[in-house]
Each structure stands twice: as structure tokens, then as C-alpha cells.
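Given the coordinates of chain A, work out where chain B should sit on it, guided by the hints.
Chains A and B, in that order, are what the protein sequence lines are.
Using the working numbering, you'd call the opening residue of the first sequence number 1 and step up by one each time.
Using the working numbering, you'd call the opening residue of the second sequence number 1001 and step up by one each time.
In short, the hints are calculated from the structure, not lab data.
Remember, predicted model here, so these are calculated numbers, not experimental data.
Among the chain A residues that face chain B by a calculated CB cut under 8 Å, a handful are:
1. ARG259
2. SER260
3. THR261
4. LYS262
5. TYR264
6. ALA268
7. PHE271
8. ASN272
9. ASP274
10. ALA275
11. ARG277
12. TYR278
13. GLY279
14. GLY280
All C-beta atoms in this analysis are idealised placements derived from N, C-alpha and C, irrespective of residue type, glycine included.
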Amino acid sequence: MSVTAPPPEGPEDAGLDPAPGRGSTVATRLTTHVGVGGVVTPLLTTLLAFVVGGLVVLVTGHDPLSTYKAIFDGTGLNWLFPWTSGADRDTAAINLQQTLILTTPLILVGLAVAYAFRAGLFNIGGQGQYTVGAIIAVWVGSSFAGMPGALHIVLAVVLAALGGAAWAAIAGGLRATTGANEVITTIMLNYTALWIGVFLFGLGGPLQSDVQREVPVSNDIVQSAHLPVFWGDPELQGLHIGIFVALAAAVVFSVVLNRSTKGYEARAVGFNPDAARYGGISVGWTYVLVMGACGLFAGLAGAMDVLGWQFRVATNDVQVSQIGFLGIAVALLGRNTAIGTCLAALLFGALLQGTSVRNLDPSVFPPELAGNLTTIIQGLVVLIVSADVLVAWLVRVRLRRRADPDPPATSVAAT
Amino acid sequence: MADDHQHRESGAPAPDSQGGRAAPGAQAPAAAGSPALELRGITKAFGALKANDGVDFTLRRGEIHALLGENGAGKSTLMNVVYGMLTPDAGEIRVGGEVVRVGSPRRAMDLGIGMVFQHFMLIPVMTVAENVVLGSEPRRGGLLDQRGAEQRVQELSDRFGLAVDPSAVVEDITVGQQQRVEILRALDRGAEVLVLDEPTAVLTAQETAELVGVLRRLRDQGTSIVFISHKLREVLDVADRVTVLRRGRTVGTVETAGADEASLARLMVGREVLLRVDKQPSEPREPLLEVEDLHVTDDRGLHAVRGLSLTVRGGEIVAVAGVDGNGQSELIDAVAGLRAPTSGTVRVAGRELTGADARTVRSAGVGHIAEDRQRRGLVLDFSLAENLALRDYRESARFGLLRPGRMLARAKRLLQEFDVRGGDPGTPARSLSGGNQQKLVIAREIGGNPEVLIAAQPTRGLDVGAIEFVHRRLVAERDAGRAILLVSLELEEVRALADRILVVFEGRVVGELPPSASEEEIGLLMTGSGPGTVQAA
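This is chain A alone, in the form it adopts within the complex (with noise of 0.2 Å):
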């Protein structure tokens, strides 16, 4: 330490507020990483729901390991192991088909979510929106019987994808005229779409079956409109190209978010709508956008499903579905990105699949408990997802115990 003063013209503001991202210290930099979308603390999350999830099956007199071994197994993602091999590779790949099949609208209406999220909107449509894109698609699938069908197929997913984004971008348009909040507005339209499938399904619906006039459903897509099933039987309910359409879907929402100037206006707005005006953006136009491309997503999403496998829809599809509830949970899970996105899917899928009573050993865990344990570890992802604050800081903590081996008292950011 010098006696001197300090030279005339030193590095400016050193910038002394507390910031995160300033120092180079492992913890800051982690801490940074972590802000913007970091692994760790989805994977702590995931790990500490399953930790829980663990000690729910404990305490219903369980062994926990060879539960998660069962559902791990249920998943078929064991069929990635080279050691799984003869009847249980087979098993194994079913099992993953059926996996992949339920990610593929996760991946998707998760999409729907997570686009509003960067705008900063939440969508709670996405369920609503699903819905519209199912019905338009199955309306689309099981009409116009003689076109080719491969045009089928396009005419039906483009018009299900318009669809589910009109639907949405009412809630965009509401709360760019009026300042109606999109969570109240999403909500009332997932109602809206249920009972307005409930009522085109239901007995003497419009669009309910010709031929099973007692049953409250919708007539089955012809044959030529299914898409393709490029792994395992398509009569077995083998993997449909849905799962490709999802991972695009991927791509084209990250390169739009990242790349593109609707994407820089959606991040800007979400971030700052004042400073997005300011900049001569129009916020209200960014809200129908951005409402409407979730909207584009959660469409898809219904579009592959009755596409893909469903073929037909009941009134009480309509009623039971959860997926774009789902969505909301795959989105905080993967922190809003596209990567993130569609592994939380992956996880979720594979958790839906893994626990579903057909496949889960009944001499290791009751399956009709084990659906149960699904909803315990999603419940508990969106949970700590929300408080992942926490799980930061409890990172931080431990970092800064390791790199400093007389830590201060952990520091409240000033100003």
C-alpha cells in the first residue's frame, strides 16, 4: 500500500455497487451463469424433488431405489444402454416410443410458455390453446377425405398452429387495448375452449361422430391423414414424426428469440416495457405477437397429438388433459430456453410414462400410487423451480465456504 496518492485518472468507477456479473470470482461468475439460465439449479431442483419424492415412498413403506429403478425402467430409456438387450431391449424401445410420444407436445406447449415468459407474459392458456389446435386438427384430419396425404397432414397442422395462435393472441390483443392481465384472460379462454369442445363433441355436437352416435366423440381421422410412425409399429402406437416437429419448433423459437428483431422487441419489452417504447417499439403489437406465436406452439402441440396418435377426440380428452398445465412446469424447469425446454420435457415425459400403470412392476410399487408420485415430483419442481432463489443461493454459499475458507456473513446486495 502506497503513501502516494492514487494516479490522476484511474479506471473510472470500478463500479462499486455489488452487482452480479462483476467480479471474476468462481461464485459471482456461477452465480451470473446461473441468472441467465444456468444448469445447476434445475438439476439441483430436479435432484431435491426426487430426493422428496424418494422419502414419499419411504414412508409408504417402499424402497425407494428400486422404485425409481422400476420407473426408470418403465421410461425405456434403459433401451440407451448397450447392455439392455433381447425381450427387454424390445420392451425397452417400446417403452421409449410411448416416452417420446408424450414429450413431443410437452416439448411444445412448454414452447408456449416459455416465449410468453421472455416477453414477459405468463400464458396459462397453453391448455386452451392445445385444445383449439386439437379440434381444429381433428375437424381438418377427419373432413376433406380425397386429398393427398401429405397436403392433408400440412393443411391440418397449419391451419390447428393458426388456430391455437388466434386463440392466444386474444389474450395479447385484450391486454394491449385494454390492460386486461393475460393470466386472468388465458384462464377464462381454457374454459372457453373446453366447453366450446365439450359442446362440438359432446352427444348431438356439431362435429361429434357420425358412425357411434351414443358416444360423446369426435369422428377418427382418415388413414392418409396420420403422420408417419418412423419407430416401431405404427398399428402398436410406434413414434410418430411429431417429435421431430417439436425439436424444429425448438430451434425456430430460440433463433427467433435470439436472432431475430420480433425476438430482440419480445426480450425488450419483457424486460423493460417503458425503455421497448421508448425505443420506438410497440409494446401492444409485441403482446399480440408474442401471445400469438405461444399460441403457434401450443397449436402444434394438439395438432401432433391427434395426428400422431389419438386420431379422434372425446369430449372427455378435452376435459382431462393437464398438458398445457404441464407446459408451465416444463417451462420453469428448462428456465425459459429452448434446450432447457425440451430436456424438462423429456423428464416429465418420461415420469408420466415411467409411473403409468401399465408399466410400472406392481410387486415394486403400487402403479395406481405411482401416477401419484408423478404429481408429487412435478409439484415439487415447480415449487423449488419458483424458490430457486434458494437453491442459487444455497450454491453461492457453498462456493464461497469452499473458496474462502473464513467466510463473511453472507452480503444483502446494497442499493
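What follows is chain B alone, placed relative to chain A:
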């Protein structure tokens, strides 16, 4: 360590730098003579960065002691240490002669230390009395004793001469009054040491004057006050003594009697600072911004701008001076395309832009240094490069896709040209200091090569070094032929920069003055009571 500081302090050019040193000796009788608050060798690092590096500070009883320093000099960190929000890595805190550990704000309150933050911590929908007593509410039968609370606040308000209406709802009262509520709350907790973090940053000139009166009364009744600021004049005006911090270290403590702005600025920045703006007489060219008979309403639908006309020519700086709330913000918004005027016209370089949206106005050649860089001027979570692109991301895009390479190159160029420090193009704007954030806004707006530049409070919250930079740059842009409309509440700035001064009162231009006009002349017009001078063209 202590030796070091002794050297540094006595090495400071100020005559009275030993002031702080006298304290330890006078400490023995722990009565009136001992300092109210004493900090010795406070060190606090954030990562590799030492925000406070062995800071010494002594607050005598019943004095107003200013803590002066540039943005990021460590003033707020030091006071957060005092208030128990941060734990120092080294050093000791003495209150009334006793060494204490302040672990939390609650402990600080118990020790008689009160803090008024720059951003008030009030609950807008509650009344003044409810806010003051919050945390130590008088109860009656488990319920809040409303009457008792109001009485308590009224007594306090009478005793210290801080006039407020205890039953008023906080969101309905002015910012100046809200600040009084904060002060009252601290006093209600028995604060003997009151720390005010940049208290005048949010106040109008009138409110500032009132605050100074309040602080003097509090001092005379025995409260010891720490007054954090980076405004030289204000510090000389209010404080009895000044301690200057520079880059986390104490550079000296001086009596304000005998100090002047230049000497304080030198201490603060570490070099000679040009407090006057050097500029040639303007050479006005053709009119670039013409506003005629403009009427604009504010958010509540009230008439804020009522028939205002002004013209700014290329190569001149026209300043709009006035008491805050006389239509300046609405005028700026209307010109910038952020608020549609109810009538009147706005023309930029001859092109009518009345009621056009912000994008049209911007592409017509209007730059706008926003009044509030954090709320409006920047997207704090965007990187510097993304922020610099906010004006023209569309022009540089191709097929609807941004071109990161171009954005990066442009950002590098602008960051260097405008001397924005503290980050590279990928750094989030949030982590820059206030001065550098402002430079970032200025870089973007001037970098867009506008014909008309609206500069709204361009130096608000900046330290002398940064103010010097901004002022020089504005003059340079004027000399380059741009038309600059300066809107500022700082008369000093208005007089230093403007070629013509338009005084607004209640939404109209009430007079035009040359920059040589005295502050008194301008001030008189600002209150609407001046002699009717020439109406602006």
C-alpha cells in the same frame, strides 16, 4: 494500516484534514464530547473489488457531515455497513465511544442509527402515520391504535418541525413529503444518528431548500447527520464538515468553511475538473425543431402543456428551465413521439411529426437522452451491445434477423468513442455504474446521428467527472450542427450549456433569457412572477 491512513489524510491538500484525527483523544469521557459515530479502517470487498479500503470516518455530535464522492466511490457501501446491511471484512464501528457490531438494520436502529434511503421504503397505500409506526405500532386490544399513531406522529412532527399530515395517504403526498415521512420514521425509532443517502437526488429545488432547513433544525436539536452526496454546491451549503471518498478510500476531511467547489472537486476526482463549460458563441443555422402552440395532457388527463411554442436551430442549445412539473416531461414526450399532443404542431427539419409514434420520430432524426436512464433509457438486463442497438436494430437487420457481428462491431466502436467503462459489449447494462449507463444512452442517441437531440436531465445523478464529459460532448454536438433541446432542473447546468434559455411555467414559455442571466432572474420567472420578457419565437 492506521499509519497509512494518517499519511494519506494528512497528505490531502485540505487545511483541516486533521479533523478526524482529533476524535480518538476526545473520546475518553464518553459523554457529549465523544463522537456520535466513528468508523476506523472499514474494509469491504466484493470479489476482487474493494468497495471500501480502510475507510476512516468520524461523525461528531450535532453536526451535519457530508460524505462526498463520485458514483462508485464507496459511499453507499460504507453507510450500508453502518446500517448493518453489510458486514465489513475489517475495521471497527464505534457508537458513542463503544465498539459495536451492527449485524442487522434492526440492531442499527437499537443503536440509534436511522437511515433514509434514496429509494423510499414506504407503503404507498398506507397513511403517513401507519408508515411511521410500522414495526412498532401502538396497539389497542390487538388492533392498530390509529388515533394513537397519528398523535405520536403529530408530536414528533411538531417537535422537529417536519410538517406532514399524519392521516394523509403516502401515495398522495409529494416526494419531498415522503422523504419527511422517512425521516420521521427514523426519529420515531429514536435515531440520534441519521444517514441520508443522496437525499436531494429526487427533490426539486424548493423541496431541497426545505430539506436543508429541516436538517439544520434537527442538528440544532442534537441529531448527528451523515449527508451523502456528490453535489459540491449542496455539500458546501448544508454540511459543517465534509469527508471525501475516492475509490474506496478516505482522501480527507475538511471544514466546509474555507473550502470551495474547486478544491472539493479536486479531492473527489483526483485531478483538476473544469466546472465551467468551455464553449464558443453559437452559430445558429436553419430551424430544425419547431414546436407551435402545443397542448399536451398528462397521465391524469390534466393540461400539462398549454400552448407552448419554441424553435431550436441547428448549432444551438436551447434550454428549457422551470420548476419540475410545469410540463417539461410532457413536452419531451410529445416531441419524442411517446405521447400524442391534443393540439399544436411539431416539425423536425420541416417535416410535420405531430402525433407520430416513437419509431417514426426517431427515424426522422430525433435523438432522445431520456430523463430516467434506468426506467426508460436502458433495458438493464440487455447487454451493452443490445442496448446500443435499441435505436436501429431494424436498420441493421437482414430478413428479420439481427446481425450479431455488426452489433458487436458497432458496440465496440461506440463504447470506445464515448468512453463507457466497466464492461464489454456482452456485459449486462445493469452492472455498469450510473455514469457509465448514462454514457451508454448518450452513445446510442448521438451514435444514431440525429439532427435534433433532446437531452432531458442529461447529468442527473452523475458525478463531476461524468458531468464534465456529458457537457463537453453536448457542446461538441452543438458545434457539429445539431439542434439540442436541453431540459434540466439544474439552473447551473442550464446557464452553463444553453445559448438561449426558455423559462416554462404552467405549460407555457413565460420568457426567454440569455445564458448570462442570473439565477435570480431565471428563478423569478420560473415561479411565474417575473417581468414579462420577450415571448419566445
